[in-house]
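Keeping their order, the protein sequence lines are chains A, B, C and D. Numbering of the first sequence is given in the working numbering, commencing with residue 1 and proceeding in unit increments. Numbering of the second sequence is given in the working numbering, commencing with residue 1 and proceeding in unit increments. Numbering of the third sequence is given in the working numbering, commencing with residue 1 and proceeding in unit increments. Numbering of the fourth sequence is given in the working numbering, commencing with residue 1 and proceeding in unit increments.
These are computed hints drawn from the structure, not numbers from a lab. From the three backbone atoms N, C-alpha and C, an ideal C-beta is built for every residue, glycine too. Heads up, a few of these hints could be off.
[Claimed, not checked] Okay, the calculated beta carbon distance ranges per label pair:
1. R2(A) with P24(D): 23 to 33 Å
2. D66(D) with A42(B): 52 to 62 Å
3. N181(A) with A121(B): 55 to 65 Å
4. P24(D) with G202(C): 41 to 51 Å
5. M1(B) with G218(C): 54 to 64 Å
6. V34(D) with R280(B): 27 to 37 Å
7. V34(D) with L48(B): 45 to 55 Å
8. A42(B) with P59(D): 45 to 55 Å
9. V34(D) with S35(B): 21 to 31 Å
10. M1(B) with K271(C): 32 to 42 Å
Spelled out from the first residue to the last, the chains are:
4 protein chains.
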Amino acid sequence: MRASVIGATGYTGMVLTDLLWRHPEVQMEALTSVSYRGRSVAEVFPHLRAEGMYVEYDPARVEGSDVAFVCYPHAEAHPVVAELAARGIRVIDLSADFRLRDVALYEEWYGFTHAYPELVAESAYGLPELYRREIAGARVVANPGCYPTSAILAVAPLAKELDGSVVIIDSKSGVSGAGRNATDRTHFCSVHDNFKAYSEVGHRHTCEMAQEISALAGRSVPVSFTPHLLPVDRGILTVAYVKAAAEGADGQGCGADWQEELLRRYESYYKDEPFVEVVRHAPNLREVQWTNMCRVTVRVDKVAGLVKVISVIDNLVKGASG
Amino acid sequence: MRASVIGATGYTGMVLTDLLWRHPEVQMEALTSVSYRGRSVAEVFPHLRAEGMYVEYDPARVEGSDVAFVCYPHAEAHPVVAELAARGIRVIDLSADFRLRDVALYEEWYGFTHAYPELVAESAYGLPELYRREIAGARVVANPGCYPTSAILAVAPLAKELDGSVVIIDSKSGVSGAGRNATDRTHFCSVHDNFKAYSEVGHRHTCEMAQEISALAGRSVPVSFTPHLLPVDRGILTVAYVKAAAEGADGQGCGADWQEELLRRYESYYKDEPFVEVVRHAPNLREVQWTNMCRVTVRVDKVAGLVKVISVIDNLVKGASG
Amino acid sequence: MRASVIGATGYTGMVLTDLLWRHPEVQMEALTSVSYRGRSVAEVFPHLRAEGMYVEYDPARVEGSDVAFVCYPHAEAHPVVAELAARGIRVIDLSADFRLRDVALYEEWYGFTHAYPELVAESAYGLPELYRREIAGARVVANPGCYPTSAILAVAPLAKELDGSVVIIDSKSGVSGAGRNATDRTHFCSVHDNFKAYSEVGHRHTCEMAQEISALAGRSVPVSFTPHLLPVDRGILTVAYVKAAAEGADGQGCGADWQEELLRRYESYYKDEPFVEVVRHAPNLREVQWTNMCRVTVRVDKVAGLVKVISVIDNLVKGASG
Amino acid sequence: MRASVIGATGYTGMVLTDLLWRHPEVQMEALTSVSYRGRSVAEVFPHLRAEGMYVEYDPARVEGSDVAFVCYPHAEAHPVVAELAARGIRVIDLSADFRLRDVALYEEWYGFTHAYPELVAESAYGLPELYRREIAGARVVANPGCYPTSAILAVAPLAKELDGSVVIIDSKSGVSGAGRNATDRTHFCSVHDNFKAYSEVGHRHTCEMAQEISALAGRSVPVSFTPHLLPVDRGILTVAYVKAAAEGADGQGCGADWQEELLRRYESYYKDEPFVEVVRHAPNLREVQWTNMCRVTVRVDKVAGLVKVISVIDNLVKGASG
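So here's chain A without its partners, still in its complex pose:
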């Protein structure tokens, strides 16, 4: 399979380049970059083993590809996606431009008018645990956001039992999630030995989480999402606080029994998934960094009548390029 990466020198493009290079069945077609065209991968990312030079984007250069990964910022990605799809290339888009099914939401949440609503309609949401079949046949795959991946995988097995009350998603992400642009926010001295919440209400990923969790639940589920910035390079840990399931448990004895039952339900739900592991311990970021794995566990807080689901992923692999 011949693959190209459009916008290959951001973090997601960098990780994609590395993964595709190592993949035994992939041949690299074109790596495009505005800032680094004419320079080699080895020069820009000396820790990577991949070979190749960055070229300027030009659809003609990508034409020979079976698949193209688009790693542009939101709003900038969708015309390129459409252009490549029109040439018969399957496109996997890592931006937000095809994640939301209701095109009106792009204006509300991302501030741009979507020019290709019909392409949105036919695209698949690229979370294989939920949409494996759709992904296999789609011309355009909208890769999920990093936070939504961690949140949706945490909540999915319980979605049918949600009573409509709010699902709280408290997530903590490594800095690579903020991208490779050097800003005050990503300066070492701002992040190191520090910690903060940001976009405390209304982070754009909230909408995406609500869309998918509601779809799973079969009803509208409100989501309250709080992201935080960790002084680590890679990884997201999410705690989902879910009300419904624990309430259902009220008559069923002690928290330990209910917790065991939930763990088994999670194990059963994900038993055929190669990239989700249900574990009994509280997983940490180290366990999934540099891997495509999501680890998840469940705790019942009987006294408070709550279920806590803890999930960890690598934001750049399972959460993006993986």
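Put chains B, C and D on the given structure of chain A with help from the hints.
Just chains B, C and D, lined up with the frame of chain A:
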């Protein structure tokens, strides 16, 4: 004022030694330590400027003190507190041994039978924002836990409006909160570039938070608490998810108005408190590290019908020795 | 004393603002900033307690000051320094623009032609341990570079005995030394969990070190300097490898004796200096971070015929604004 | 090939377990551990994918192995190595017990009397770049220390030209080099945001470096070694300051020419080595972490008459288990 520190070489004792040494009205009486007796402060903590030698604990050596700080682990602290209080010394206890008003809870949560229930009854919970007057007159002051300080200060101004539904406390702490003992858990390679939740249900501080928040609310309030371990040295950031207040807001227009009203209520509640600052931005740990300050802000998530309160403290200063 | 800070929103300006604000005998006149004019200190640096607004630079606004600190990049600083000095204000320049006595060197090392050679001639090199008297009387004080401060204080007590062979300075600095500008180099993900040497030969501070060490030695001393970037916020640790002294020791018995003699010589050399502490242990960065202290120790490597001097400072305090 | 790891739960054993598990031609025989016997790899190291249970050490259990890796502390390793070698198993020892050729040095540097001097005599020093043939035939291979690996690979191509003057090795290591034992020294709060030199003179690896560099030089070469502790998990960066080569360059024009010549010599020296890469840029730790690669570059400091060689390795892979 003459002051002694009992168990002065743990982190809380170390910070106390530093604070007392700099205090213009304090004269140091005795610094006790089992492991380091006979050694100087400068030798054990080369970054401190304090002078003095560690001596073995002996009530006679402490007798001349006006006040003694006891920095022993729970269960080990209360006999020493009682012994010193009996000699007429005012005692500030940094352990958990006098924090819970219902003595039966020591058995349930801490695994020991309290030998001095009458001293518990007369002791004050050492959070000056709530118990300034009681503290001023008490023989024994029970300094709050670090997590409870961050949680209680976050929730207090809203406590009267809680509708009895669960208060969710999601807290993230620096490693110094785990104490100075070298363990697998505090090994640099375990913590660095990593992040995890621990004691995911039933952390001992849950009970203390519920006690104080319920006292403020005037009714029993269930608390669900999840602590996490940050790869930072000092600081706690807590997000409190509170239901009641936002519900009360439903008829009152947009979230922004309600948020402004809440911020003003917080400002008013803490207007005379020198160590709590209500801020408009999302505060980070850097802003409070090495200080006795708690910074707090409020956000209304109108869509989800929730209030989020974010507080930050230094776990060793405002959260312990400050 | 009335003080102004010109360019107050870089790291050195930020630390100066904090130090001046706390100083009981200083009154703040003007804080200037291009990027942040019209904004408050509290807004730009929420962890500082200083009050005040940033204003645009205008010599008239600074005129009432007894002293002005100029925190501009090299080449941009010297016209401002000259302008303020001409108005009778004492100027402490934190750039490199007055550090080198031979004005031809500005072209060679910094790429600009110095417009005020006569002001260079009358300026003092602002290391009080060497030039206390000159500083007291100077109109313009050229604050030393951070690396030179750590290197010169390490080598000074041995300078008279240097035999002309090369002095090796191997220094490791925290990221704040690279300034507040957000670049690839200061991005958290570049620095964190990483380490590297940079400017491996010919770093600009080499020239400044050689100038001052040669002046102390009374002969030309070649210096080989290697800086490294540490994944820490603040601090420089320097190891100086010095040949001469150990050779002089050859006939004098074992290394331990010679080391003791050297330590005493260092203690004697710095005995009246409030900001240099000679210690017996190997000092670490923690001991000096946020302080104006330099800690230094000496080791004799008898087998190799070398003296190693280890010094630590906070690059932003003793190494800049302190 | 069947392989066993003796002492498999320290850091070197952990990395070995991971590497052997992934190796397509290796079958795991026994993993022994005193502290964790009866527990699974997954339980002790949840981030590893390897399967298997830890068993108590017993030579009978290891007997079926073609090769055994011994990961015991120095002094404890050599009897086990001898015992297994006597049973015809090839042994790769990761301790220091077979690294020094002169058995008297074990007493001087490590404080124990070596019980198997004849095994020392026939063992090979396990640095394949220098002793590939000897390693292939040896019953016992003494894996080099982490610091010596980084220093010897840096200096080897210049060894013939050393003029007998001291070689200075200034190395900085991640914390995993200090082992998995939890101590004050490895506590997160001791290391994080901090940096220090330790064993400032006379670190045990000095002796091993001098042995190998002298062997390469064909004469006794004094080595002065200073290790430092970095707040990173994995990696060693070494700067070797070498005198002789630069002196030879004196008459040969500018430093740039000489540097280019040296780089080519390094490239030629290592051209057939799969695990040493000579690079033109200053390599950082990130480039080699989790790999078996050593990256090395050379700089000529013409003014100072010195060559600086910079090398980076992962202390646990190329520096130990790789």
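Consistency of the hints with the structure:
1. For the pair R2(A) and P24(D), the supplied restraint of 23 to 33 Å holds, since their beta-carbon distance comes to about 27 Å.
2. As the Cβ distance of D66(D) to A42(B) is approximately 56 Å, the hint placing it in 52 to 62 Å holds.
3. Taking 55 to 65 Å as the suggested C-beta distance range, the pair N181(A) and A121(B) conforms, at roughly 59 Å.
4. A beta carbon spacing of about 48 Å between P24(D) and G202(C) agrees with the range 41 to 51 Å that was offered as a hint.
5. Between M1(B) and G218(C) the CB atoms are about 55 Å apart, so this pair conforms to the stated range of 54 to 64 Å.
6. Checking the proposed 27 to 37 Å range against V34(D) and R280(B) shows it is violated: the Cβ atoms sit about 57 Å from each other.
7. Checked against the hint of 45 to 55 Å, the pair V34(D) and L48(B) fails, with Cβ atoms roughly 38 Å apart.
8. Against the hinted window of 45 to 55 Å, the Cβ-Cβ separation of A42(B) and P59(D) comes to about 51 Å, which satisfies the hint.
9. At roughly 26 Å, the beta carbons of V34(D) and S35(B) sit within the given window of 21 to 31 Å.
10. Checked against the given bound of 32 to 42 Å, the beta carbons of M1(B) and K271(C), roughly 34 Å apart, stay inside it.
Hints 6, 7, counting from the list given before, are not met by this structure.
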